[in-house]
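**Q** As given, the protein sequences belong to chains E and Y, one line each in that order. Numbering of the first sequence is given in the working numbering, commencing with residue 556 and proceeding in unit increments. Numbering of the second sequence is given in the working numbering, commencing with residue 556 and proceeding in unit increments.
Hints are computed from structural coordinates only; laboratory data are not their basis. One or more hints might be untrue.
Note that identical chains are pooled: a pair holds if it fits in a single copy or bridges any two copies.
20 Å max Cα-Cα, derived EDC-like pairs, lysine to aspartate or glutamate [to be verified]:
no.	residue 1	residue 2
1	K630	E566
2	K630	D657
3	K642	E684
4	K642	D726
5	K721	E670
6	K642	D743
7	K664	E755
8	K664	E756
9	K630	D715
Keep in mind that this is a model prediction, so the values were computed, not measured.
Listed below, chain by chain, are the residues.
Protein chains: 2
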Amino acid sequence: MSAAQDSGTGELITLPAEAQDQLFREARTANTFTAEPVTDAQVRAIYELVKFGPTSMNQQPLRVVLVRSQEARDKLVPLMTGRNQEKTAKAPLVAILGADLDFHDELPKLVPFMENPRAIYENPAVREESARFNTAIQIGYFILGVRAAGLAAGPMIGFDRAGVDKEFFADGRHSALCVVNIGRPGPDAWMGRLPRLAYEEVVTSV
Amino acid sequence: MSAAQDSGTGELITLPAEAQDQLFREARTANTFTAEPVTDAQVRAIYELVKFGPTSMNQQPLRVVLVRSQEARDKLVPLMTGRNQEKTAKAPLVAILGADLDFHDELPKLVPFMENPRAIYENPAVREESARFNTAIQIGYFILGVRAAGLAAGPMIGFDRAGVDKEFFADGRHSALCVVNIGRPGPDAWMGRLPRLAYEEVVTSV
């Protein structure tokens, strides 16, 4: 019996049960990885899939820095918090997911039917909030995209944000929101599944 | 030839091509819907799937209000901006997606292995930022969950946030981040696909 049949509600989900398992039910946040490399072609394939996820006014503020060189890894690891240091030191690929706080510069080509869309986000506070919100939504898509590629993601928010921004986004117009380890799960990659809130605790009707 | 084969990178994505299409490539933000109702059982099935998406420290701050009654709909519609009013008036189901800004009250049961996890988020500013970030990630999961149920989502951020919070989250501990219309796409449900940023514009290596 698949997990979908087990839940009693899976038949209302038309996505094939195996796909549901791969993205949600059987996928887990990985803390250890095998040594198998994650290629640029795999990252490109993930991006070419998740880029279609919707964002407000087609903003697409997510930017990704792949930490490929040993020099860059050596700069990142000490900026991670506690046990994230070891995970980040050993993962086959580490990606920094950040928000382009000046995403509005790209809007004329992203919403070509609008006249001067850039003007909507002239206010830096409004722009930054929107960049953070939509980048976070895209981080959700990205994590599922990693899983869609048959890989495991280990997203982390425990790091020195000012330090990471300074080292990896020196232009001052980006903000790192999440660091993600990516690879195939290694030995003892995760602990037991943590509890989820019940439907009734999350969803109400009025 | 499927869209996956067409892209030249789809074979690196192990999720079946049809599932990729359903969630990302062929799915679109809908602006019109048929009259077919969206049932509570469908919403429950969506939640039971997307609840497994990871959040920081298993926070799960997303809360969902289903606007079921005509009275509630009549309160919400005038709080929507411009053309969102008509879309929201006509959609079979409207859901308000909000952040529980006091999510830390639930942490003792969500991370049972930690001693006093609530204390980590005693600072209201830190807690609110984390609630907004993780709720946005969960909104990404939720939108894909709607699509996994064979339905279309129409997420909107154009609404009077203070007004929606006052009407629908009167306890003062929640913040509405997004309103989503849900149903089967109706006539002329969307315009042409808008451009996406190229891989090279989003992903860099260091």
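**Q** All the hints need checking, so say for each whether the structure fits it.
**A** Now the hints, each set against the structure:
no., hint, result
1, K630 to E566, "neither (48 Å within a copy, 34 Å between copies)"
2, K630 to D657, "neither (25 Å within a copy, 35 Å between copies)"
3, K642 to E684, "neither (30 Å within a copy, 25 Å between copies)"
4, K642 to D726, "neither (27 Å within a copy, 40 Å between copies)"
5, K721 to E670, "neither (35 Å within a copy, 33 Å between copies)"
6, K642 to D743, "within (13 Å within a copy, 48 Å between copies)"
7, K664 to E755, "between (43 Å within a copy, 15 Å between copies)"
8, K664 to E756, "between (42 Å within a copy, 13 Å between copies)"
9, K630 to D715, "within (12 Å within a copy, 43 Å between copies)"
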